[in-house]
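Each chain is listed here by its residues.
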Amino acid sequence: MKLGLRLTLPAQVLVLFISVFPLLMQLYISLTDWSPLSGAPWPRAWEFWNSFANYTDIPGDRRLWAALGRTLLVMVICVPVEFLLGLGLGLLFVEDFPGKKLAYSILIMPMMVVPAVAGYMFFMLFQSGGPVNDLLSVFGPVTIAWLSDPWLALVAVMVADIWQWTPLMFLILLAGLVGVPQDQLRAATLLGASPWQRFRTITLPRMKVIITIALAIRAIEAFKIFDTLYIMTGGGPGVATETISVYFYKITTNDLIWGYVAALALFILVSLSIAAQFAMKRMAR
Amino acid sequence: MTAIHLQGLTKRFGPFTALQPMDLEIRDGEFLALLGPSGCGKSTTMNMIAGMEKPTGGRILFGDRDMGAVPMARRGVGFVFQNYAIFTHMTVRQNLDYGLRMAGVDPGPRTAAMAELLGLTDLLDRPSQGLSVNILQRLAIGRSAIMEPAIFLLDEPLSNVDAAFRAVMRTELKSLQRQFRQTMVYVTHDQLEAMTMADRIAVMDHGVLQQVGTPLQVYNRPANTFVARFLGAPGMNLLPGHAVQSGSAVQVDLGPIGLTPPLPGPASGPVTYGFRPEEVTLDPASPLKLPVTHVERIGARCIVHLGPVKAVFPAGTEIPSGVVGFTPGKPCLFDAKGGRI
Ligand SMILES: Nc1ncnc2c1ncn2[C@@H]1O[C@H](COP(=O)(O)OP(=O)(O)O)[C@@H](O)[C@H]1O
Ligand SMILES: [Mg+2]
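From first to last, the protein sequence lines stand for chains A and B. Heads up: the first sequence runs through residues 1 to 285, numbered per my numbering. Heads up: the second sequence runs through residues 1001 to 1341, numbered per my numbering.
Incorrect hints may have been included.
If you only want the chain A side, here are some residues facing chain B, beta carbon under 8 Å, derived [stated by the list, open to error]:
#1 Arg186
#2 Thr189
#3 Ala193
#4 Ile202
#5 Pro205
#6 Ile231
No wet-lab data here; the hints were simulated from the structure. Positions of the beta carbon are idealized from the N, C-alpha and C atoms, including for glycine.
Could you build the full structure based on these sequences and the hints that come with them?
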């Protein structure tokens, strides 16, 4: 054995143990019907062994699939909207204009707001007597019950997500836009290319990698949407805004079916990894 | 084919004036070299002609059209950047026919013809990333030339390529211009490039246009000491002296070096006495005397240093040592401010 390996072996084993242990533990629990109320500590979970029953329950879990669908809906709406807004703002901010520095500071502020605070903020904004309705009253008297209507609650939640995460998209895309060589853009202009042609033939191809990264980061984060949303709606009304994370949270803390939660978690982890691999390969092309 | 008129063209960056009001006529189909040291405002001038920079003052006309309100995409000038600005994410072909494609024109045989002309045929479908500087440089010229612009602006196109290739490109650029008869403005800090290629040279320094004329005019009759020193290799010898009137002629007292032969014209007070190194002859009888301090033998010529004076002779010339007498030919006189008398 090499000296270096021998010296670092204890540390390596520790790191491996730390990263793998929770997964192994989850795998173990997912094969049982154990719960913290079952009276036995977790190592004795084998007493409640039910082999793959938790896994075979997954396909029939209607609430799970609905939550998954809702999460994907939030993802496919919010991420593109954030991308387009971020790109538009980025294109604006690569040029100089008066007051740019101030506008920049204000723009990236939402990103710094603690998600829980953002949740309360939007909870207030979307109250029946809240500022959003006040604003809409300009067009006539309205009392829209945003957070108690199943679809409108979903809209409100998405608005909050877009508000909070467009700045990140903007920052990443601005970094990419600044990196597009000015000389090439000028050369294209002098060869008669219109702004749109320049964007399509010079800017976009040069931003391919950074766009892929930005979309990937936001897609993964959007899939895990929880904090702001949970404070705004608690997943309600009913299960109208219940996303994957909210569903997990509820069945873990309310229903206490930990064996099933463990099975679900592993299932989601594996399928998400496969989906991400696939998506990255497609986008890179 | 279009003439370019610059009328009082000025550019300031904040408090810094990059270009003092400049008047210049560039004739239809002319090859004009904009010559000057680095930082003198050549690129600034070109960028304003192309429409990339807004002038602080003055006007630019193409023919009789004022270009003030015409955006750069509509000016129809060809522009070759100093760093070429090749679209490195495209192939050579995509670079060459970029302008035509953007205009919605079918490139047809034009791409192949331009590639042939510039020797790029074998490289057409190669990615342009990673090609040598020499090839990128041709590609940059071809990409603009294919649009057949009436005005072609080149900003130091040869300053990054190697010396051998530079000589080849000088000839090719000149023949390209003869073939297409564009109005060509060629920026360079290399006086040799300007002398060999240009119909006329505009010499600039510190944002001020110093002199405009044919290569021989600026070489033989420099408007001031800057132009005198900047053109030629080595540049003109410039010796401080004192003008002494003798009859209708002037002699210059060069102090310990001696008293020059008479020159025409009135002059008095402190002056600068200039003459080309190529015009110096050795003459033991001359009243001007200096010691030989150093001899540089460079191929076909040898440069003899006589203290502050440089003289150029053919390679085989016998050079005496010690103090020698010399006679300057075709001398010029400059006043205390450097202007030609
Ligand atoms: N955008 C700018 N802002 C401030 N100063 C500039 C700018 N562009 C050029 N300059 C200054 O103007 C002068 C002329 O520059 P330039 O035209 O590029 O010179 P050249 O091409 O002759 O080398 C230089 O001193 C340069 O520092
Ligand atoms: Mg320059």
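ask   = For this structure, which hints from the list above don't hold up?
value = The structure conflicts with hint 6 only, although it agrees with all the remaining ones.
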